[in-house]
Amino acid sequence: MDIKGKVWRFGNDVDTDVIIPARYLNTSDPRELAAHCMEDADPQFPTKVQKGDIIVAGKNFGCGSSREHAPIAIKEAGVSCVIAKSYARIFYRNAFNIGLPILESAEAAEDIAEGDLVEVDVNTGLIKNLTRSKEYTATQVPPFMQGIINAGGLINYVAERLKK
Amino acid sequence: MTITEKILAAHAGKDRVEPGELINVRVDLVLANDITAPVAIREFEKIGVNRVYDPERVTLVPDHFVPNKDIKSAEQAKMLREFSRRHSLTNYFEVGRMGIEHCLLPEQGLVGPGDLVIGADSHTCTYGGIGAFSTGMGSTDIAAAMATGETWLKVPESIKFIYKGELPRWVSGKDLILLAIGKIGVDGALYRAMEFTGPVIENLSVDGRLTMANMAVEAGAKNGIVAPDEITRRYVEGRAKRPYVFYSSDPDARYVEVYEFDVTNMEPLVAFPHLPENVRPVSEAAEVKIDQSVIGSCTNGRIEDLREAATILRGKKVHRDVRLIIFPGTQEIYRQAMHEGLFDVFLDAGAAISTPTCGPCLGGHSGILAEGERCVATTNRNFVGRMGHTGSEVYLSNPAVAAASAILGRIGSPGEVE
Ligand code: SF4
Chain A
82 MDIKGKVWRF GNDVDTDVII PARYLNTSDP RELAAHCMED ADPQFPTKVQ
132 KGDIIVAGKN FGCGSSREHA PIAIKEAGVS CVIAKSYARI FYRNAFNIGL
182 PILESAEAAE DIAEGDLVEV DVNTGLIKNL TRSKEYTATQ VPPFMQGIIN
232 AGGLINYVAE RLKK
Chain B
542 MTITEKILAA HAGKDRVEPG ELINVRVDLV LANDITAPVA IREFEKIGVN
592 RVYDPERVTL VPDHFVPNKD IKSAEQAKML REFSRRHSLT NYFEVGRMGI
642 EHCLLPEQGL VGPGDLVIGA DSHTCTYGGI GAFSTGMGST DIAAAMATGE
692 TWLKVPESIK FIYKGELPRW VSGKDLILLA IGKIGVDGAL YRAMEFTGPV
742 IENLSVDGRL TMANMAVEAG AKNGIVAPDE ITRRYVEGRA KRPYVFYSSD
792 PDARYVEVYE FDVTNMEPLV AFPHLPENVR PVSEAAEVKI DQSVIGSCTN
842 GRIEDLREAA TILRGKKVHR DVRLIIFPGT QEIYRQAMHE GLFDVFLDAG
892 AAISTPTCGP CLGGHSGILA EGERCVATTN RNFVGRMGHT GSEVYLSNPA
942 VAAASAILGR IGSPGEVE
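Protein chains in written order, with this note's numbering: chain A, 82 to 245; chain B, 542 to 959.
Don't read these hints as lab results, they were simulated from the structure.
Hints should not be assumed to be uniformly reliable.
[Unchecked claim] Using 35 Å as the maximum straight-line C-alpha spacing, the simulated DSBU-like pairs for lysine-lysine come out as follows: (1) A:K132 x B:K857; (2) A:K87 x B:K619; (3) B:K701 x A:K85; (4) A:K215 x B:K695.
[Unchecked claim] Pair by pair, the computed Cβ-Cβ distance ranges are: (5) A:G159 x B:D791: 32 to 42 Å; (6) B:F787 x A:R242: 26 to 36 Å; (7) B:N806 x A:N237: 48 to 58 Å.
[Said to hold, decoys possible] Which residues of chain B face chain A? A few of them, derived with a C-beta cut under 10 Å, are: (8) I576; (9) S614; (10) R927.
Predicted model, so just to flag it, every value in this text is computed and none were measured.
Cβ atoms here follow ideal geometry from the backbone N, Cα and C, with glycine treated the same way.
Could you build the full structure based on these sequences and the hints that come with them?
So this is what it looks like as structure tokens:
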């Protein structure tokens, strides 16, 4: 799956309360969640973000609560993938489980600037910065997790296993 | 092996496991709440099975937005209720019989030493306080475990924290964990296990240990754990609904890092906005005027916490510019506090007492902050907007500091009001 989009940058330790504040968690409707995505960091984000755009952030992205509403809000807002230096562990699992591509690359996270046009090959982990003509590689995903992605998410993976 | 590795190995049906290994484990209990269960239920229904793996081991606790704060939350809570009926879940806890999930489960004996528990709530790591392996996951992971009774895990490396010295008065479990988070940072234990050891921990109450394990996730950890001992045994005896196993780390267990703290001269600590790692001694916080003080949550809403607050508040008045709100963690804790006369102390001081709920801890309801307001809270997160307006501030402390600050109208140490 090839991804190409414009970059929005955020800092270190972006927590789930910033990604989707708890005051909106009285619903789990993806559309409603997306309408408030990242608004405590940038109130205009939900209106500015275009389909296919990419979020680039520093270390420990998605720290805090276990709310799956966070990757759901990002995905539903149209963001095609997240590139960060590192991820909080629950967010990392959640993103895989719901099918939001996320890549870990310290080099890319440091080098890519807001507004850059970036192309990502999720399968190989190759990240191309088209604005700056540079390339970076993301950390490989364990084969086991690749299996979950190939099955189309955890629910399909489990459903297939239970059928056997 | 470490205690964490031993529990994981036992649940994977293996003799040993190594850090970094991906394993499939049997889970003893699966948990979700009124925010995360609706998503989990919807995902569960897509799997195409018509029953949960064990109706006694799938636990649903509505605690975040209950008693229902608005129509949307009422709809979410209703989903839990109906799912629980449809699947005859033994452990669904209705308003009036509930509590904050992480106070409730150990209290009701639903979690015991040596258990492996996963929950769709990041503070599921709390049960490490009684020697269980427990960790938070998202709703989809929980949905899968509700169907299969299993999950996959990567065996974490362990970091050992050794606490030595004499625990000073008014320093408690909260301060010990803030000390560690202040040292290693909010991602200092990312993907790892935090093991709390040493003479100070060996003398710490179960309530204090639960507080410590609770905040392991604030350092990014997968789990926090204390080896069970006589103190644990006294707590779980008569409560545990299932047989339990005491595990402990071998002398030659491997740790990626070891930290040693001498707590003898330690002051209570306060985490400044907007990260739990911004830790300073309480004496450096005395300039901070507050509008609200919150005592409760899954971190510090247990009986010992309320007793500590009452000791400070007895015969004192809450400052006229401050709202003090107290949230007992469960109905049992509520009743116990009432019987011990703690409610009289709180009411005489001018505090509000709430029914058990998460309430303001996550900025849900019952104590939301306006722009520019400051709150000292015994909760676990002080992120931007965590308790209300993005222009408000949360300072994390132990219950004694939160009580003393409510009297002083600014952050202050218990010693100042005694
Ligand atoms: S008390 Fe706070 S941290 Fe604990 S479960 Fe409730 S919202 Fe989460």
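Taking the hints in turn, this is what the structure says about them:
Our distance criterion of 35 Å between C-alpha atoms is broken by K132 (chain A) and K857 (chain B), whose separation comes to about 58 Å. For the hint linking K87 (chain A) to K619 (chain B), the alpha-carbon distance of about 41 Å lies beyond 35 Å, and the restraint is violated. For the proposed pair K701 (chain B) and K85 (chain A), the alpha carbon gap of about 43 Å is over 35 Å, so the pair is violated. For the hint pairing K215 (chain A) with K695 (chain B), the CA-to-CA distance comes to about 33 Å; that is within 35 Å, so the pair holds.
Distance hint check for G159 (chain A) and D791 (chain B): the Cβ-Cβ separation is about 51 Å, which falls outside the suggested range of 32 to 42 Å. Evaluation of the 26 to 36 Å hint for F787 (chain B) and R242 (chain A) yields a pass: the beta carbon distance comes to about 33 Å. One distance hint, 48 to 58 Å for the beta-carbon pair N806 (chain B) and N237 (chain A), holds here, with the actual separation near 56 Å. For I576 (chain B), the suggested interface contact is upheld, since its CB lies about 5 Å from the closest CB of chain A, less than 10 Å.
Annotation: S614 (chain B) was flagged as interfacial toward chain A, and the flag holds, the nearest CB pair being 4 Å apart, inside 10 Å. Taken as an interface hint, R927 (chain B) checks out: its beta carbon lies about 5 Å from the nearest beta carbon of chain A, inside 10 Å.
In summary, the structure is inconsistent with hints 1, 2, 3, 5 from the numbered list given earlier, while agreeing with the others.
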